[in-house]
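Just so you know, the protein sequences line up as chains A and B, in that order.
My numbering puts the first residue of the first sequence at 7, with every later residue one more than the last.
My numbering puts the first residue of the second sequence at 7, with every later residue one more than the last.
Simulated from the structure, these hints should not be mistaken for lab results.
Be aware that one or more of the hints could be misleading.
Remember, identical chains collapse to one label, so a pair may be satisfied in a single copy or spanning two.
[What the hints assert, rightly or not] Calculated pairs, DSBU-like style, for lysine-lysine (alpha carbon to alpha carbon, straight line, at most 30 Å):
hint: 1; residue 1: K237; residue 2: K355
hint: 2; residue 1: K305; residue 2: K248
hint: 3; residue 1: K128; residue 2: K62
hint: 4; residue 1: K355; residue 2: K210
hint: 5; residue 1: K355; residue 2: K305
hint: 6; residue 1: K210; residue 2: K230
hint: 7; residue 1: K214; residue 2: K128
hint: 8; residue 1: K305; residue 2: K230
hint: 9; residue 1: K314; residue 2: K279
Only a predicted model underlies this, so the values are computations on that prediction, with no experimental measurement involved.
There are 2 protein chains.
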Amino acid sequence: MAICSAHTTTSLHSPCTTVSNTGFRQKRVIFFTSNRRSGRRHGGGRTFHVSCSVDKPVVIGLAADSGCGKSTFMRRLTSVFGGAAEPPKGGNPDSNTLISDTTTVICLDDYHSLDRTGRKEKGVTALDPRANNFDLMYEQVKAIKEGQAIEKPIYNHVTGLLDPPELIQPPKIFVIEGLHPMFDERVRDLLDFSIYLDISDEVKFAWKIQRDMAERGHSLESIKASIEARKPDFDAYIDPQKQYADAVIEVLPTQLIPDDNEGKVLRVKLIQKEGVEKFNPVYLFDEGSSISWVPCGRKLTCSYPGIKFAYGPDTYFGHEVSVLEMDGQFDRLDELIYVESHLSNLSTKFYGEVTQQMLKHADFPGSNNGTGLFQTIIGLKIRDLYEQIIAERAGTPAEAAKV
Amino acid sequence: MAICSAHTTTSLHSPCTTVSNTGFRQKRVIFFTSNRRSGRRHGGGRTFHVSCSVDKPVVIGLAADSGCGKSTFMRRLTSVFGGAAEPPKGGNPDSNTLISDTTTVICLDDYHSLDRTGRKEKGVTALDPRANNFDLMYEQVKAIKEGQAIEKPIYNHVTGLLDPPELIQPPKIFVIEGLHPMFDERVRDLLDFSIYLDISDEVKFAWKIQRDMAERGHSLESIKASIEARKPDFDAYIDPQKQYADAVIEVLPTQLIPDDNEGKVLRVKLIQKEGVEKFNPVYLFDEGSSISWVPCGRKLTCSYPGIKFAYGPDTYFGHEVSVLEMDGQFDRLDELIYVESHLSNLSTKFYGEVTQQMLKHADFPGSNNGTGLFQTIIGLKIRDLYEQIIAERAGTPAEAAKV
């Protein structure tokens, strides 16, 4: 394919001059500074114009609350493309960015306009749009999408301060993950695909108890209070974004164990919007009908409480969607491959690819349940979307064989 | 195939001398009279020994209460083999027997040892084993199974009397249908396959109301009383036979319409015993797992109240079974073929054979619901069983391609 492919470099000092291993060569670079919306300590936010006929990145948005498995998700996504995701080499050790051969993931916390002190002074949370610079977010995502490098601010989660910016070059796939990828309409419109990780209150609470009480010694009361304090802004600014998502991964308590509140066994839904270009929802057995399936039976035996799948059409915020649901967890490889073999439209390149990906990262959180399964599937879907876009731009149909 | 094939003639006067169109020739016929267990007006029950290496009939038992769709079932069964079933030509016009090219169906009421008056005198119902001659039933089914013709009594449902016997020659498939095909252990052991038609009390009541009240002007009270009067003997002598059946068709009220008691929309279960030689249960999507399926969705639209299938393993009287369930009814051809295309192990010979059979008899009761569907499927299963037995006897594998 004669496609000019963008390359991401992690060094601030050699932007746009490297030749990538995919044959990308910078023709002309214009630096300029735009939309300097005041980090408190720096004037980050430059965009580097690149005029070569670069292959423009596919832009993906991933929205979720902090600490809800976004980075695991991103590691699963980059793994689908074959490479490992790492922080930029030689840059700020507190950078929130993850870079692999194909994919660059940036954290939208980097677009905080107020640092920790600033938020405290103004009495706003990080969830509040007033603590975030959507103009800069828009300018920079737009620039990347047009194949231009950017100088993106860094919000330092350790110090709570805004650090000097880092240079981000346009990758093949650019992922913006964080609290507000679909909040601003202009940013939203730049997304080729969007995902919302929706952790139910019950599960969020169970997880927080597990982490903050068992591991950090917080009291139950203080955990409840911290959740309650966050809830109004979360409901006002984060939660409404899910209506715009092309895919929602919803994490709920299991229904296989009566009155379970441990949050260990999970029921996970993959809500897939219908009619999204280049995205064919995964289905179980019979596309468009309603199915429930307990694969544990004569051919497959599972330990308590078993595994249950459901699939069917539904509506979600007025959109037609197809919902795939998994309750329970995998104990053994044969359970995973058995389930994979009965799902259709997975966009795998060979039989068992989902299972292989899940096993490769068996140590990641959620690898034995629907969160890992659906994150892996979304990874494959994004790869498929990317390949369709590339093929379309090259004027050839996608060559990858779909299983 | 060099198989000597039995032929059924309907004439009392030319037994065992015809040459069938399958090449069967009678070699020797010995008449004898055995086990004359007193019909009140005749000494029927002779067995005709035929010593030729006749292809011995496959014997099927079908148990059900009177008037529960047995004759419809039998017409569906014989239709699967291509021929129409008719009463014996030139014989007793009140004969209960149905004969087609391949199949002879006899009604076990013919083994009543007491006629209507006799039962009244002794205060027993037709359901009571004391009103039935199981020794003769056993002798004659055994004789047929060994390829011998029989002189079977006739119970005249019109007069309530026992009429002179009719000659029954061994057919390819011999079906005994009635109240007690699996009651007597000796008879039961002769069956190659057995079916129980289990109509739930609610549906039986709704049907009886429909027929006896709407069509015959009976009062609700008298209908209730007649059902109640029959129930003790039914529960004691008929119902327990279902534990022996290889397949049970259970007819229940729909669950798609809340509190429905019209008995028009039905939920029907096909309970298939596992481990029965030459009988591979039908399944939906994934053999041995538990599935529920509402085919009405994006690809197939159905009118209210829709159609719902369920499939899964279960136990039934301590036996491992696979249960296929259909709730609702078909309105259109596309619904029927869509459902057929998703069922496996149907033992059809071509794509759409179930649908074709159902359409061919669209006027039969139950052709738009699970009773017709499952009766048709059982018909195909019996054909398959028959062909396997024939192939085994001939030392060749069954040639029929299974879809």
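Hints, verified against the model:
1. K237 - K355: neither (42 Å within a copy, 62 Å between copies)
2. K305 - K248: between (38 Å within a copy, 27 Å between copies)
3. K128 - K62: neither (39 Å within a copy, 95 Å between copies)
4. K355 - K210: neither (34 Å within a copy, 55 Å between copies)
5. K355 - K305: Answer is both: 26 Å inside a copy and 27 Å across each meet the 30 Å cutoff.
6. K210 - K230: within (11 Å within a copy, 57 Å between copies)
7. K214 - K128: Answer is within: at 27 Å inside a copy they meet the 30 Å cutoff, but 78 Å across does not.
8. K305 - K230: neither (44 Å within a copy, 46 Å between copies)
9. K314 - K279: both (22 Å within a copy, 25 Å between copies)
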